[in-house]
Structures are given as structure tokens and as C-alpha cells.
Amino acid sequence: MENILNIFVKSIFIDNMIFAYFLGMCSYLAVSKTVKTSLGLGLAVTFVELITVPVNYLISKYLLAPGALAWLSPSLADVDLSFLTFIMFIAIIASIVQLVEMIVEKYAPALYNSLGIFLPLIAVNCAIMGASLFMQERAFANVAEAAVYGLGSGIGWLLAIVAIAAIRERIKYSHIPAPLRGLGIAFIITGIMAISFMSFMGIKL
Amino acid sequence: MSIFSSTTWEAFTRPLGKDNPVTTQILGICSALAVTVQLKPAIVMAISVTAVCACSNIVISLLRKYIPTSIRIIVQLVVVASLVIIVDQILKAFAYDVSKQLSVYVGLIITNCILMGRLEAFAMSNSPLDSFMDGLGNGFGYGKILIIVAFLRELFGSGNLFGLQVIPQSFYEVGYMNNGMMIQPPMALIIVGCIIWFIRARHEEMQEK
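If you're matching them up, the sequences are chains A and B in order.
Take the position in the first sequence, starting the count at 1, then add 48; the result is the number in this note's numbering.
Take the position in the second sequence, starting the count at 1, then add 10; the result is the number in this note's numbering.
Be a bit skeptical, because a hint or two may be false.
In silico negatives: residues of chain A with every beta carbon more than 10 Å from chain B [stated by the list, open to error]:
#: 1; residue: Glu50
#: 2; residue: Asp128
#: 3; residue: Pro157
Under the rule of at most 27 Å between Cα atoms (straight-line distance), these lysine-lysine pairs were calculated in the DSSO-like manner [as the list claims (entries may be wrong)]:
#: 4; chain 1: B; residue 1: Lys50; chain 2: B; residue 2: Lys154
#: 5; chain 1: B; residue 1: Lys110; chain 2: A; residue 2: Lys58
#: 6; chain 1: B; residue 1: Lys110; chain 2: A; residue 2: Lys109
#: 7; chain 1: B; residue 1: Lys50; chain 2: A; residue 2: Lys220
#: 8; chain 1: A; residue 1: Lys81; chain 2: B; residue 2: Lys28
No lab work stands behind these hints: they were computed from the structure.
The beta-carbon is built from N, C-alpha and C at its ideal position, and this holds for glycine as well.
Bound-form chain B, shown alone (with noise of 0.2 Å):
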């Protein structure tokens, strides 16, 4: 990686990491819980969060000497919001079942707390370059939660992978039952709460008192 300072490389894996968006910073938790019944659309929320935090890392660093700081947030907000905005028109005309399923999630990337918890702490003071590659690792940071969360949910709770049935047939006939309550909300809930606890248990550091 000769091309990137060791601090561009570090700014894009902590957030993969140790320092991981969901799980530790507790941001962006809403619409990760609420995207994760089916694999598909946790997938393509990921990659939008994804696209819209790098761009709007770049844009803010960019900005970041013009911007007064009594109106930033403001102008933070416009610009996530065009972004989004963008992100929706594409969806709609590319893939109009997902952004169906999404239905006001794609709108609520808006409020995200990743966005705008990772423009003010990080875009503000730092350079685009190192700024996109913090957007980029923290959306891959709550992808992979994202992602971990859809795969146990449509494992379990309809036996699916990507729609595609994948616990044999020969289970449900000797009994084996899809457990319903891992489509319903409050599963989604249990399980983060689960991941925080493997997590925490494997870094002693990050327990609270």
C-alpha cells in the first residue's frame, strides 16, 4: 500500500475493526435493524450508505475552509441530502423492487448518525483523500453488520439465502420449523444486542463499568 499513507490506511480499516460504526460508536443503528429481514436489501442499503458517506466525506473535506460553523450543520444536511436524493432516483430506476422494500428507509439515510456523526468528527479536519477512506470504511464497518444480522435472520426465519431456499427439504419433513420470530422486529434487536456482547467479551477494554 505505498500509494496511501499508513494514516489514509488506518483511517479506512478501524472503522472495520475495533472501532466499528454499529457495534461500538453506536451510530446508524435504526435502519440497521430495520433492512435485515431478507440478505438482498441489507446488501444494497449497505452499498448505498456506502456511496453516499465516501461522497459526502469528500464533498464536506473539500468544503471544510468555506464552510462558517454556525450554519454546518445545515450545510452538511443539504449536502447529504442531494446525495440521497440521487442514491433514490437510482434506485427507483435500476432496481424498483428493492427501493420498494426499502420503502422510507433509502429516505432516512438523511439522518443517519454515521453520516453526520463521521462528517463532523472526521471530514471537518482532515483531507479528502483520508476523508473518503474513513466514508468508505465505516460503510463497509455497517455493512458487515448489516450483512451478519440479514444472514441469521433469513437463515432462520424463512430458511432463505438471497430467496433461494437453502435448508433442505428433507428437514422440514422430519419437523424442522422456521423460527417466525426472526422476522418479527424485536429479534433484530436481540441479535445486535448479541453481537455487542461476543464483541465485548473478546475486548475486555471496550466493557463498561
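Same shape as in the complex, but just chain A (with noise of 0.2 Å):
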């Protein structure tokens, strides 16, 4: 239990996707002019990585890791399917998507207009993909750490656009030197914020 409440902490504040790894950053300087829409495709983005993340890790532990074949059959123990990682994980990545985007085009079509492009794009999303591989470097024990890492993650991205979507929504009032604004500005915010959240470095519940 505290280690997944660990792993749940670390992977917000400590780990986060845009400020420690930059995954996920052309959404997050495209989609994050106003809180609304930001908010919205935090919550999927969120959503998506609570689910492929422990899917993924199912995937990696039976299907593809060396020797991950023996439940089938003990002549099978050698077979090494590893490289085919990244295919298998875009693959199931894609098709959650597809999902994802049916429900919301039919729940709430208000945000599906809002999001649009960005909502099929969330498969190139590099957060997505980089949670599923950070999860199979960090080698979890079981499915539950799994599916709490994906969760956090999420939650770490969706506070992180959430907050400089706050921070454009007001900046747009204030004198910026022309070359600056709009993109250059919010690099450097995201600089600064970045260098806040390196604080919570060290933080081990």
C-alpha cells in the first residue's frame, strides 16, 4: 500500500511528464490557450493512460518479455519476443483511442468540437506512448502499480497544462516584448514552472 501510494506521489510531482521528461509537450503548447479545452483533454489524456498503461504492462509481462511465453507451453520459455515492444504498444495505444474518441463524440459533444484534431492525435500523444515505456523500464511488481503510475502520470500532465493554460489565459494582458509572445513566452513559463516542481525532488512518503 505505501508503495503504491509512492509510486502515485512520485510519478505526479516528481516524475512529472511535461517537467522532468518534456512528453507530451506539442498538445500542451497547442491546446493550452484557455483552461476549458485543457482541462478536457487533460481528462482524457488521463483516462487513456489509466487504461493502456496496465494493459501494456499485461501485454509486456505474458506476451513479450524474454521467456514471457513458458504459461503456454515450457518449449515456448526461450522465446524472446521484446522487439516487438513498440508496435504492440502503438497498436493497443491507437485502438483505446478510437474508443475513447466514439465515447466522447457521443457523451459530450461540445468538448469533441473543442478538442478536434487534437482528440485522434492524443495516439501520437509522446506522454501516452512514454508512460507505457517508462513503465516497463521501471519493471512494477504487479498490475495494481502498474494502473496507478499510468494514473498519476496522467494526473501530472493534466495539472501541468491545466496550470499554464491558467497562466496564458492572464498573460495575454500583459506587455510582453513582441518576439516573445504567445510561444517563447510559454516555453519560459514552462521553464520556470519546471524549475518550481524541482523542489519536490527527494519527497518519499
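Please assemble the complex out of the two chains, which come individually in their own frames, going by the hints.
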């Protein structure tokens, strides 16, 4: 239990997808113009991560890892399919994103319209693929830990995008040098936010 | 350049100059920031992305008339993922240290927005040769930014270039210190912000209102 809580807090604050690994920066910069849309996208990303990370965990553990097929028959014990990891993960992610897209279109058409092209592009959001790859690298002990990691890193991403959207809504009224307006200042603000997130380093529950 | 028509040549040079994928089109930033602590992994990453981008552009451009539009994203992902697997296996075989340093970011080439962006915007509607040059140009444009950022971070962060010390020892003796902040993630963001600032100050038409 402690371990799970630790993974959760760590994945939100210390290993934050945006501030520590720069994953999902493209949609982070492009969609963060209003708080409302960024909240919607953040929730969609969190949801997709919560599903894809444990599913990919099971796939990697029971199908792809070296010797993972031993449960089928002992003769398959030395089969190593780990080179298929990337293609398998991206296929799972793309199909789950398709599912989420259909659900959002049916139940929240307003959100669907405001997200526009970025909803199908969640499939190529590096934060989601990144969460699955980090999950594999960290070798979690069971599927619950993987799910909590997925949830935590999704929430971390959500926090980051909502925070920058709120700042960008306000900053429209300030006098920024013309060449820095928009993108330039967004990068520098993210840098400063990342510095403040560094203060969480070393927290352990 | 007589063998190339002018559009082919333009497909190559545009992303190198004003239409840079990272600073103008805002694509592929994720990996651009994470691998730039040192020059060596940055250059390996730039070469890998260029290779995958150019090859996937050719493949998709050759297939473009046969791909049904409704499943094109999946087809593109499969092509890119297969190429990335090849790159990953090559790196593991011939440059194991660098491949360890790049860790998950090799796999993340699949989700690099430059690739999907160029496939959607260019390869789906242009000839294979043009697409190849476009992929090459975008790869180099991406590499250019990567190398600038990595150069600054390695030089000021650890006083090295390619792992060799370039700042003379006598500087350290009179009190010069490496800027430890440069190695940390936040500085990468701030450096890219400053590069965009610099570019937009020179090209006024690119400024946002």
C-alpha cells in the first residue's frame, strides 16, 4: 500500500511528464490557450493512460518479455519477442484512443468539437507512449502498480496543462516583448514552472 | 542542382530555414529537449529521426494512392513503428552506450510529431522524391536545433564537448564554475524559448499578435 502511494505521488510531482521528461509537449503548447479545453484534453489523456498502461503491462509481461510465453507451453520458454514492444504498444494505444474518441463524441459533443484534431492525435501524444515505455523500464511488481503509475502520470500532465493554460489566459493582458509573445513566453514560463517542480525532488512517503 | 526540380530543392531547404519543424511548426519538441544534455546522444538522435523521417516519407508516398483515408493514421503508425524498431535494433547492436543513454526516447520517435506531421501534410500528397527530400530537410532542421541546444548545455553545464573538456583548467582555478542548472530539465525549455525569441526578433512576420 505504501509503495502504491509512493508511486502515485512520485509520478505526479517528481517524475512529472512535462516538467521532468518533456513528454506531450506538442499538444501541451498547442491546446493550452484556454483552461476549459486544456482540462478536457487533460482528462482524456489521464483516462487513456489509466487504461493503456496496465493493458500494456499485461501484454509485456505475458507475451513480449524474454521467456514470457512459458505459461503457454514449456517449449516456448526461450522465445524473446521484446523487439515487438513498440509496435504492440502503439497498436493498443491507437485502438483505445479510437474508443475514447467514440465515447466523447457521443456523450460530450461540445468537448469533442473544441478538442478537434487533437483528440485523434492523442494516439501520437508522447506522454501516453512514454508512460507505457517508462512502465516497462521500471519493471513494476504487479498490475496495480502499473495502473497507479498510469493514473499518476496522467494527473501530473493534467496539472501541468491546466496550470499553464491559466497563466496564459492572464498573460494576454501583460506587455511582453513582441518576439516573445505566444510561444516564446510559453516555453520560458514552462521552464520556470519546471524549476519550481524541482523542489519536490527527494520527497518519499 | 540540375537533377532536382526547383520544388524538390525547396522541399529540402524550406524546413532548414524559416519553416523549421521545431521553432516554427512546434513539432517534435518532446525529444528535442530531453536528449540534449550532451552532444553525442543529441547527434545520434538527430540522425535516427532524419533516417526514420526520410524513409517513412518515401514508403507512405509510394503507398499514398492505395491507403484508404479512414485508416491512414494506423497505416502511418505501423510504417513508422517498424522503421523505429529497425533503428532501435541497430543502435543496440552498434552503439549500445548511446542507446542506453537515450533509453525510452528511441521508442518515442514513433510518437514524434514531426513524423506524423510530415506524413500527413506532405507525403500523402507528393511524389516519393519530393517526400524524401522533405523528410531529409525536416530531419536536418530538427537536428540543427538539437545540436545548438546540446552545444550550449554541454558547454556551460559540464564544460565539455563530446565528453572532452574544452574550458581550460586555469579558468576553474581562478573561480569559474560550471552551471549545474544547465544539466537540469528546466534550462532546456528556457534555451528553446530564447532561440524562438531570437528567430522571431529577426523575422517580424513570424511574431504573434
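Hint check results:
Remark: the non-interface label on Glu50 of chain A is consistent with the geometry, its nearest Cβ contact in chain B lying 26 Å away (cut-off 10 Å). No Cβ of chain B approaches the Cβ of Asp128 of chain A within 10 Å, the least distance being about 12 Å, so the stated non-interface status holds. Chain B leaves Pro157 of chain A outside its interface by the beta-carbon criterion, the shortest separation being 20 Å against a cut-off of 10 Å. Among the hinted pairs, Lys50 of chain B with Lys154 of chain B is consistent with the structure: their alpha-carbon atoms are about 13 Å apart, no more than 27 Å.
This hinted pair checks out: Lys110 of chain B and Lys58 of chain A have alpha carbons roughly 23 Å apart, not beyond 27 Å. Distance restraint check for Lys110 of chain B and Lys109 of chain A: the Cα-Cα separation of roughly 21 Å lies within the 27 Å cut-off, and the hinted pair is therefore satisfied. For the suggested pair Lys50 of chain B and Lys220 of chain A, the alpha carbons sit about 39 Å apart, so the restraint of at most 27 Å is broken. Restraint check for Lys81 of chain A and Lys28 of chain B: the C-alpha separation of about 24 Å stays at or below 27 Å, so the hint holds.
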